Amino acid sequence: MLTRIFVLAAFISLSLPASSQTGHPAKGSWSGELTPFTAEESERIRLLIDAWNGELSGSINPGRRGVEMSRVELDAESWTLTIRANMPDGLLVMEGKLSNLGSWTNRKFRGAYTLGNEKGTFDITLN
Amino acid sequence: MKTKLIALAAGILGAIVSLQSAAHHSFAAEFDGNVSVHVTGTVIKVDWTNPHTYIFVEVENDEGDYEEWAFEMGSPNGLMRRGWTRNTLEIGTEVIVRGTRARDGSFKGNAQTVVIAETCQRLFAGTSQRDFDENAAPKEECEL
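Chains P and W are the protein sequences, given in the same order. My numbering applies: residue 1 is where the first sequence begins, and numbers increase by one. My numbering applies: residue 128 is where the second sequence begins, and numbers increase by one.
By construction, these hints were calculated from the structure, which means they are not laboratory data. Treat each hint with caution, since some may be false.
[Claimed, not checked] With a straight-line cut-off of 25 Å between C-alpha atoms, the simulated PhoX-like cross-links for lysine-lysine are: (1) W:K131 / P:K108; (2) P:K119 / P:K108; (3) P:K108 / P:K97; (4) P:K27 / W:K266; (5) P:K97 / W:K266; (6) W:K235 / W:K266; (7) W:K235 / W:K172; (8) P:K108 / W:K235; (9) P:K97 / P:K119; (10) P:K108 / P:K27.
Here the structure is a predicted model, which is why all the values come from computation and not from measurement.
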């Protein structure tokens with residue numbers, strides 16, 4: 001009887017941390033900066049990415065002035081995430097790697113982007 | 128043996144209850160009712176949880192830097208009684224939040240009212256501040 005209770009307690013204790021391990025690694029609300037190579041100031045960017053049946057979708061700067069992503073792809077072998085969106089300033093292409101995947105609040109998406117003729121790097125964190 | 132089992136069960140129950148109660152606290156212990164906060168920003172996250180709902184708002188300060196503010200609100204049930212639904216605030220919604228600031232000076236507050244900038248809809252946030260009078264709360268200028 002005592003063994004059964006210990007087994008039950010072990011399952012309960014394991015289920016608590018496991019409950020926070022769900023969800024696609026790219027899914028969620030992200031915030032960060034686009035930093036052009038030619039400018040000193042960065043530009044704020046927010047991403048909202050959703051995952052449904054293995055398909056990714058989302059928007060850039062969600063809200064009143066949000067722009068839907070035209071393409072979102074994740075290469076799960078290298079954790080490379082590629083996002084495309086037709087922004088008012090031109091086509092935005094972001095390609096970078098997801099890192100710190102074990103973190104629920106400090107997950108990173110870092111890489112390089114092009115926006116029309118502009119090029120730069122980005123550093124974005126899961127909110 | 129029976130006593131040990133009861134003690135064990137009580138211990139497990141106590142651990143579960145303590146996880147929930149850790150998030151429940153008095154207003155005065157965490158927030159200073161004399162220090163008001165009034166920010167305009169963009170919702171980046173909503174935690175619709177008991178005993179308190181939290182909204183996280185990205186705010187651009189005077190220096191052009193971005194601050195992430197966390198605002199404690201009432202319980203989901205308390206908010207629903209005030210007209211909220213789980214989908215009232217979507218990610219990217221621009222809001223004006225009025226409330227009181229955390230005693231530790233961090234970017235944390237206890238929200239009294241939340242105004243949705245696009246519609247000018249004002250919602251009460253179910254603050255646990257006892258002397259807050261919803262009928263006397265000031266209205267916001269909501270044009271952005």
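Q) Are the Cα positions of K97 (chain P) and K119 (chain P) separated by 25 Å at most? A) Judged against 25 Å, a Cα distance of about 17 Å means the pair holds.
Q | Distance restraint between K108 (chain P) and K97 (chain P), which requires alpha-carbon spacing of 25 Å or less | A | The given pair, whose Cα atoms are some 8 Å apart, holds under the 25 Å limit.
Q | Hint consistency between K235 (chain W) and K266 (chain W) [alpha-carbon to alpha-carbon, up to 25 Å] | A | holds, 22 Å
Q. For the pair supplied as a hint, K119 (chain P) and K108 (chain P), is the alpha-carbon distance within the 25 Å limit?
A. With Cα atoms ~20 Å apart, K119 (chain P) and K108 (chain P) stay inside 25 Å; holds.
Q.
Given the hinted pair K27 (chain P) and K266 (chain W), is their Cα-Cα distance within 25 Å?
A. Measuring from Cα to Cα gives roughly 36 Å; hence the hint is violated.
Q | Given hint K108 (chain P) paired with K131 (chain W) - CA-CA distance at most 25 Å | A | The hint is violated at about 47 Å.
Q.
Does K266 (chain W) sit within 25 Å of K97 (chain P), going by the straight-line distance between their CA atoms?
A. violated, 45 Å
(Q) Given the hinted pair K108 (chain P) and K27 (chain P), is their Cα-Cα distance within 25 Å? (A) The hint holds at about 12 Å.
Q. Is K235 (chain W) close enough to K172 (chain W), meaning Cα to Cα at most 25 Å?
A. holds, 14 Å
Q. Taking only the CA atoms, is the gap from K108 (chain P) to K235 (chain W) under or equal to 25 Å?
A. The hint holds at about 23 Å.
Consistency note: the structure conflicts with the earlier hints numbered 1, 4 and 5.
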